[in-house]
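K.L.:
Listed here are the chains, written in short residue letters.
Number of protein chains: 2
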Amino acid sequence: MNDSLILRQNNRPHRVVIIGGGFAGLKAARALRKAPVEVVLIDKRNFHLFQPLLYQVATGSLSPANISAPLRSILSHQKNCRCIMGNVTGFDPDNKMVIMDGGQIYYDSLIVAAGASHSYFGHNEWEEAAPGLKTIEDATEIRARIYSAFEFAERESDPADTAEWLNFVIVGAGPTGVELAGAVAEIARNSLKHDFRRISSTHAKIYLVEAGPKVLGMYTDDLSESALKQLQKIGVIVRLNTMVTDITRSYVTLKHDGQEDRMPTRTVLWAAGVQASPLGRLLAEKTGAKVDRPGLVEVAADCSIPGYPDIFVIGDMARYLHDEKLKPLPGVAPVAVQQGTFVAKVITSRIQKKSPPTFKYKDYGKMATIGRAAAVADLGKNLKFSGFLAWMMWLFIHMMEIVSFRNRLLVLLQWGWHYLSYDRAARLITGDDTHTPLPKTQVAHSEAAPTPQPSTVVSR
Amino acid sequence: MNDSLILRQNNRPHRVVIIGGGFAGLKAARALRKAPVEVVLIDKRNFHLFQPLLYQVATGSLSPANISAPLRSILSHQKNCRCIMGNVTGFDPDNKMVIMDGGQIYYDSLIVAAGASHSYFGHNEWEEAAPGLKTIEDATEIRARIYSAFEFAERESDPADTAEWLNFVIVGAGPTGVELAGAVAEIARNSLKHDFRRISSTHAKIYLVEAGPKVLGMYTDDLSESALKQLQKIGVIVRLNTMVTDITRSYVTLKHDGQEDRMPTRTVLWAAGVQASPLGRLLAEKTGAKVDRPGLVEVAADCSIPGYPDIFVIGDMARYLHDEKLKPLPGVAPVAVQQGTFVAKVITSRIQKKSPPTFKYKDYGKMATIGRAAAVADLGKNLKFSGFLAWMMWLFIHMMEIVSFRNRLLVLLQWGWHYLSYDRAARLITGDDTHTPLPKTQVAHSEAAPTPQPSTVVSR
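As given, the protein sequences belong to chains A and B, one line each in that order.
Position in the first sequence counted from 1, then plus 827, gives you my numbering.
Position in the second sequence counted from 1, then plus 827, gives you my numbering.
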């Protein structure tokens, strides 16, 4: 029994259930704060994650909490909104129910915004060897692998093994891949420069592998070209038109011009492919909605599912084809945010018996960062920037978008510090280390053993 | 083959191997920076952890990186020091070798400072149900349990289950237990006050259970009394002279005056007992050194092991009985730091054929914090403080002790923020959730199911 519910039993307000507290879901919830509805926001996690900066956690310049904000504290003063932390396991559209682990919840309107993750193109066995970057746990795992690689390189005595530890392969030259490659290059060339005694971190080789003909495929050729140059300038080795055909913990197999060769490496990071939340297919099964190969749900012009006007799918999960210029709409934050605001308006206008709005995506352009003072920005028409100016724009815009003033302050402070000192103070190797194999040999340590051994003699 | 070693082969310097990068080991390494020695610092982790503030990570006011500093960056400019990340698995004192996972390393002098952890007094089966606070992983696990408990309480529909989730039991009223209890009380009463809709976080009950007759047992009676009052003032229920006889994921059994009773709770935090690193016993087996029940190694007046003048044990691992006032010396940071400096002097003076110094512990007193504006400080003689003044002293001293200016700045900023807003922005529920059981029931969610059910009718 719950008082707040008993009180409402006679005139229960329209209940909007939102699945996912990302850009789309959170925006929808906020946009409904003045609406005559009861909002229930369901998320697996208790926080909203600012995805665009996740790679900075994965590379040790920011802490997880700096780019996260507890959903409850964001929404604590929105009295018509309730948060539930839990997993959605299915849908019952005919009874207007969302099925959760151990319970179910009724909705009048449903907004599904569970996002997307990376796809291994049917090679899920690669995941263990080549983690992707989507969650906080992914980020701390990748962080541990990057920094452990240098630690183990320092421990190896065989130069060949050292070299393997110092090979880094990033798969996929989209924004995330480019950001990761740039950051790892900077770690090797700057952050760790003075930290090792036996190896030199600057000998690390960072490979960015892309199946397509250019980096940042969705950008104009001149900006891609500029991004490529900026990557090469900071020491990233870019391999275009190159497929990955196999990945293990000790090598990757690359295919270029039909010719395969094996590159020994202990650190592979996955930044390719997209795959919608499995909730997309679950929903499609029940509603007959169309899903494409990556599992995105095809939606109507008002973001609802054909035949189910009370069910909306928005953000990275949705395949929106009703835009004359961009079809389908890209899986980026601005689309998610605008769709979130839009469906909130649709629901409100229905309740108020007003004519519904129509969705029009406003494209403000796109930008990607490459590294220190390196970025590209395409603001449409003739507004194209690269290098320092684009980077400053990137910094500013991302700064302002971070939820909570406190985090903006902390991020600004740490960026300033990082810019001046090259230091990456959040480079903790944490979590279970079961994924990280030990160095093959550590005779390096017995080099000074008093009992005469070949490996001994060296240092005595 | 390693050049740096080949170059040194003819006049190899005296090698000091240090195990552990905590207060004791790190201090010893720093104190040897000008000595004519080669320092090798071995640690399982790649960072130095500022233990005294770990409870603030466990309660969501600081991020792990704020209280950690990468060992390599602390030591990056100390050219005579090399860091190795790895596990020590044994000792070979006769050949002066430290055995590591997959390798071994020779030492001329050995400093063992691997620290201590909590002890379950033979009930290791309690660990899963009642995690202790020693590592970053412990802290994020405890953080997840505390905040998950409120999340699950919100999901329960049965008031009895809700109450179970809102019972928090902290075992052990030493400094850590007192800090944790105070922080959890503040979370419930302030940080989460506006965040929930069905429950009120202020209804949470925080129990601090202590087997002894007072809190902060090592303090004077008046300060313990004051700490008790301050705890009660912020709503902590203190149970003295109370033993814990059983712990599961759903209850603890408490014994008071020979009478046992069961308290239902889903969140138990362990802050009792001390247990030295297992390396203590391993070392004792090889050297015949004495170890006490918790595994602390009894050391000579110069912190060496009787019969092995080149092996030193310092910090929480050492049992030092040669102090006339305090015997044995307590397992606190100041002892560790002073012993680290001392053994560095001993080693240097031996190399320089000077007469060795003698160790004299300088006791500057002790302080413990209880919560916002609540603490106790005992600076010896008549210098005893409690409440706000003690708290300010505690804040200041801990601020200044944190390694790296950057972290001092970040911590100061977040403390200031936290003090003004009561907000705890680092309250992320991360990591695998296998430890956290689901709410028993979630009919709360089907309260609005259209199919008539008792639980349904309520809200329609």
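In short, the hints are calculated from the structure, not lab data.
Treat the hints with caution; some may be incorrect.
As the list claims (entries may be wrong) - Chain A is nowhere near these chain B residues, computed Cβ spacing over 12 Å in every case:
1) 929
2) 949
3) 964
4) 1018
5) 1178
6) 1179
Said to hold, decoys possible - As a list, the in silico DSS-like pairs of lysine-lysine whose alpha-carbon atoms are at most 30 Å apart:
7) 1032/B x 1032/A
8) 961/A x 1032/B
9) 871/A x 1032/B
Stated by the list, open to error - If you only want the chain A side, here are some residues facing chain B, beta carbon under 8 Å, derived:
10) 961
11) 1017
12) 1021
13) 1022
14) 1214
15) 1220
16) 1237
17) 1250
18) 1255
In this text the structure is predicted, and so the values were computed from the model without any measurement.
Note that beta-carbon positions come from the ideal geometry of N, C-alpha and C, so glycine has one too.
K.L.:
Each hint should be assessed against the structure and marked as holding or not.
P.N.:
Verification of the supplied hints:
{"no.": "1", "hint": "929", "result": "4 Å, violated"}
{"no.": "2", "hint": "949", "result": "26 Å, holds"}
{"no.": "3", "hint": "964", "result": "6 Å, violated"}
{"no.": "4", "hint": "1018", "result": "8 Å, violated"}
{"no.": "5", "hint": "1178", "result": "17 Å, holds"}
{"no.": "6", "hint": "1179", "result": "22 Å, holds"}
{"no.": "7", "hint": "1032/B x 1032/A", "result": "55 Å, violated"}
{"no.": "8", "hint": "961/A x 1032/B", "result": "36 Å, violated"}
{"no.": "9", "hint": "871/A x 1032/B", "result": "26 Å, holds"}
{"no.": "10", "hint": "961", "result": "13 Å, violated"}
{"no.": "11", "hint": "1017", "result": "12 Å, violated"}
{"no.": "12", "hint": "1021", "result": "4 Å, holds"}
{"no.": "13", "hint": "1022", "result": "4 Å, holds"}
{"no.": "14", "hint": "1214", "result": "28 Å, violated"}
{"no.": "15", "hint": "1220", "result": "26 Å, violated"}
{"no.": "16", "hint": "1237", "result": "7 Å, holds"}
{"no.": "17", "hint": "1250", "result": "6 Å, holds"}
{"no.": "18", "hint": "1255", "result": "5 Å, holds"}
Violated hints, in rising order: 1, 3, 4, 7, 8, 10, 11, 14 and 15; the structure is consistent with all others.
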